[in-house]
Amino acid sequence: MKQTDRRSFLKIAGTSLGIGVLYSAYPAAARGGEAGHLFSELGKSTGEKVTPFSFLQLSDAHVGFNGPPDPLGTKAFERAVDMVNALPRRPDLVLFTGDLTHDTEDRNVHVQRMKQFQEISRRMNVPMIRHVPGEHDAGLDSGGLYREVFGETFYSFDHRGVHFVALDNVTRPKPEVGAEQLAWLKKDLARFPKAAPIVVFTHRPLFDLRPDWEWFTSDGDEVMNLLSPYDNVTVLYGHIHRDDEHQIGAVHHYGARSLIFGFPDPSGAAGPRKAVPFDKDHPFKNLGIRTVSFNGAPRPGTAPLSIEDVELTAREFRGINGVQQFLRNPLV
Amino acid sequence: MLSMKVRLRVFAAVLCVCLGILLSGTGRVRADNLPVIEITAKRFAFSPDKIILKKGQTVKLRLHSEDVTHGFFLRPLKLDEEIPAGQTTEVIVTPQQAGTFTTICDHFCGANHGNMNMTIVVEE
Numbered sequence: 001m002k003q004t005d006r007r008s009f010l011k012i013a014g015t016s017l018g019i020g021v022l023y024s025a026y027p028a029a030a031r032g033g034e035a036g037h038l039f040s041e042l043g044k045s046t047g048e049k050v051t052p053f054s055f056l057q058l059s060d061a062h063v064g065f066n067g068p069p070d071p072l073g074t075k076a077f078e079r080a081v082d083m084v085n086a087l088p089r090r091p092d093l094v095l096f097t098g099d100l101t102h103d104t105e106d107r108n109v110h111v112q113r114m115k116q117f118q119e120i121s122r123r124m125n126v127p128m129i130r131h132v133p134g135e136h137d138a139g140l141d142s143g144g145l146y147r148e149v150f151g152e153t154f155y156s157f158d159h160r161g162v163h164f165v166a167l168d169n170v171t172r173p174k175p176e177v178g179a180e181q182l183a184w185l186k187k188d189l190a191r192f193p194k195a196a197p198i199v200v201f202t203h204r205p206l207f208d209l210r211p212d213w214e215w216f217t218s219d220g221d222e223v224m225n226l227l228s229p230y231d232n233v234t235v236l237y238g239h240i241h242r243d244d245e246h247q248i249g250a251v252h253h254y255g256a257r258s259l260i261f262g263f264p265d266p267s268g269a270a271g272p273r274k275a276v277p278f279d280k281d282h283p284f285k286n287l288g289i290r291t292v293s294f295n296g297a298p299r300p301g302t303a304p305l306s307i308e309d310v311e312l313t314a315r316e317f318r319g320i321n322g323v324q325q326f327l328r329n330p331l332v
Numbered sequence: 001m002l003s004m005k006v007r008l009r010v011f012a013a014v015l016c017v018c019l020g021i022l023l024s025g026t027g028r029v030r031a032d033n034l035p036v037i038e039i040t041a042k043r044f045a046f047s048p049d050k051i052i053l054k055k056g057q058t059v060k061l062r063l064h065s066e067d068v069t070h071g072f073f074l075r076p077l078k079l080d081e082e083i084p085a086g087q088t089t090e091v092i093v094t095p096q097q098a099g100t101f102t103t104i105c106d107h108f109c110g111a112n113h114g115n116m117n118m119t120i121v122v123e124e
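Protein sequences, first through last, are from chains U and Y. Under the numbering used here, the letters of the first sequence match residues 1 to 332, in that order. Under the numbering used here, the letters of the second sequence match residues 1 to 124, in that order.
Don't take every hint at face value.
[To be verified] One side of the interface only, derived from the structure: several residues of chain Y facing chain U at Cβ under 7 Å:
id	residue
1	R75
2	T102
3	H107
4	F108
5	A111
6	N117
7	V121
8	E124
[What the hints assert, rightly or not] Using 30 Å as the maximum straight-line C-alpha spacing, the simulated DSS-like pairs for lysine-lysine come out as follows:
id	chain 1	residue 1	chain 2	residue 2
9	U	K274	Y	K50
10	Y	K60	U	K186
11	Y	K78	Y	K42
12	Y	K78	Y	K54
13	U	K285	U	K75
14	Y	K60	Y	K50
15	U	K174	Y	K55
16	U	K187	U	K174
17	Y	K78	U	K285
18	Y	K78	U	K115
19	U	K115	U	K174
20	Y	K55	U	K187
21	U	K75	U	K274
22	Y	K55	Y	K78
23	Y	K78	U	K274
24	Y	K60	U	K285
25	U	K280	Y	K42
26	U	K285	U	K274
27	U	K174	U	K274
28	U	K274	Y	K42
29	U	K280	U	K115
30	U	K75	U	K115
31	U	K186	Y	K78
Simulated from the structure, these hints should not be mistaken for laboratory data. We put the beta carbon where it would ideally sit given N, CA and C, even for glycine.
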């Protein structure tokens, strides 16, 4: 296969709107040349032609949670749904990175919470929603109920030439992916060329972000070893209830805000983890909104996408698209 | 067939490995004369919530769960234990690094699992 510089491969553009993260992906030079050859090869791998599209990441709704630090219940999640539906351009899919629900030992109550999550999320006017579990969805029963309601906890799919990998790092007793899933991942990735665009979505960070807050995956290094041969890998995760960006090797890791309450900056907070206190004057502060700007074709050593974070309140929107959304749907 | 000399060498090698394991500073080995620290795990706290160790001094931690399975994880001291429901896990530790560390339960145990932790202070 012909070698292709990854700069010519994937250009990702973002829109400064709303909930979680909005990603737009389109080929920088899909018409002919080296990139055209690569896309042709990718088409053989994925069975799909690489064409422009956008998608969203939402995370940590914790449906069923109530009480301090956030008394809002599902209001932020429902607000997020309204904002998604107000987007000027409909995203192709939504990735939900875990903790869809809050845990309970009462199976019937947990079923109700999962159904409520589905009812709210299905209000989103998007063709496809994909999930991974968080420990609050699946930690108490090794994912048994989650599988009944949502399906498999790890899987992959291709969409318009991009390979998406859902990784489960919550259903085993420890915060790990495990040998079975590692073997599956190795096999799953084998058919892709080095420059293939790969988006991994999972719940916990795959690196040691803050181990004493359980912000890590114990065998995350083994996952990264499998991903390291690839030039265009983005990891999206939840769990930490705040925006975060790390680059490790060529892989870019992005943590997402939650739709329930925030956690502080792990680099500046000593001691045990404590949620950010609820601010009744700004009830959606620290929640869920992050915008993404893609500044053209990625260059070696730079992020394939860049992110602008915006809080889940229309008042906080910035940029042209934020203004556009505010005008379309002034929720505050 | 192996000669008697070779067999003796193999036996000696195995014996050395076993002795090495027994004499090493960490691991789940019998060490009846070590100081013992009892720690109880129960949703969603450890008791006591703070212990003080001496750098280089070997101690035995007896970790007991009073309810469900818990974890006991502290990477700087190479602690990564499971405490099965209602059972006791013993671990021998020789801290090589001074400081104040947060040990967490890393086996999801319920709603407030994320706040289940304790402090281990290692003094010089």
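Right, here's what the structure says about each hint:
For R75(Y), the interface hint holds, since its Cβ comes within 7 Å of a Cβ in chain U; the closest pair sits about 5 Å apart. Of the supplied interface hints, the one on T102(Y) holds, with its beta-carbon coming within about 4 Å of a beta-carbon of chain U, less than 7 Å. A least Cβ separation of about 5 Å between H107(Y) and chain U falls short of the 7 Å threshold, and the interface hint therefore holds. For F108(Y), the interface hint holds, the least distance from its beta-carbon to any beta-carbon of chain U being 3 Å, beneath 7 Å.
Because the smallest distance between the Cβ of A111(Y) and any Cβ of chain U comes to about 6 Å, under 7 Å, the interface hint for this residue holds. Given hint, N117(Y) at the interface with chain U, holds; its Cβ is 6 Å from that chain's nearest Cβ, closer than 7 Å. For V121(Y), the shortest C-beta to C-beta distance to chain U is roughly 13 Å, which exceeds 7 Å, and the interface hint is violated. Interface restraint check: E124(Y) against chain U, minimum CB-CB distance 20 Å, threshold 7 Å, status violated.
Straight-line distance between C-alpha atoms of K274(U) and K50(Y) comes to about 18 Å, which keeps the hinted pair within the 30 Å bound. Of the supplied pair hints, the one linking K60(Y) and K186(U) is violated, its CA atoms being roughly 40 Å apart against a limit of 30 Å. With a C-alpha separation of about 22 Å, the suggested pairing of K78(Y) with K42(Y) holds against the 30 Å cut-off. At roughly 16 Å between alpha-carbon atoms, K78(Y) and K54(Y) fall within 30 Å of each other, so this suggested pair holds.
About 13 Å separates the Cα atoms of K285(U) and K75(U), which keeps this hinted pair within 30 Å; it holds. For the suggested pair K60(Y) and K50(Y), the alpha carbons sit about 15 Å apart, so the restraint of at most 30 Å is met. Restraint check for K174(U) and K55(Y): the C-alpha separation of about 28 Å stays at or below 30 Å, so the hint holds. With a C-alpha separation of about 24 Å, the suggested pairing of K187(U) with K174(U) holds against the 30 Å cut-off.
Between K78(Y) and K285(U) the CA atoms are separated by roughly 38 Å; this puts the pair beyond 30 Å, and the hint is violated. Proximity of K78(Y) to K115(U) is assessed by CA-CA distance (about 41 Å); at most 30 Å being required, the pair is judged violated. For the proposed pair K115(U) and K174(U), the alpha carbon gap of about 27 Å is at most 30 Å, so the pair holds. With a C-alpha separation of about 45 Å, the suggested pair K55(Y) and K187(U) falls outside the 30 Å cut-off, and the hint is violated.
With a C-alpha separation of about 22 Å, the suggested pairing of K75(U) with K274(U) holds against the 30 Å cut-off. Distance check on the hinted pair: K55(Y) and K78(Y) sit about 14 Å apart at the alpha-carbon level, within 30 Å; holds. The hinted pair formed by K78(Y) and K274(U) meets the criterion: a straight-line CA distance of about 25 Å does not exceed 30 Å. For a cut-off of 30 Å, the pair hint linking K60(Y) to K285(U) is broken: about 46 Å separates their Cα positions.
Of the pairs offered as hints, the one joining K280(U) and K42(Y) is violated, with about 33 Å between alpha carbons and a cut-off of 30 Å exceeded. For a cut-off of 30 Å, the pair hint linking K285(U) to K274(U) stands: about 16 Å separates their Cα positions. Using a Cα cut-off of 30 Å, the hinted pair K174(U) and K274(U) holds, with the two alpha carbons roughly 22 Å apart. Proposed proximity of K274(U) and K42(Y) is supported: the alpha carbons are some 20 Å apart, at most 30 Å.
Using a Cα cut-off of 30 Å, the hinted pair K280(U) and K115(U) holds, with the two alpha carbons roughly 28 Å apart. Pair hint K75(U) plus K115(U) holds up; C-alpha atoms about 16 Å apart against a cutoff of 30 Å. Taking the CA atoms of K186(U) and K78(Y), the gap is near 28 Å; set against the 30 Å cutoff, the hint holds.
Hint check: violations occur at hints 7, 8, 10, 17, 18, 20, 24, 25; the rest are consistent with the structure.
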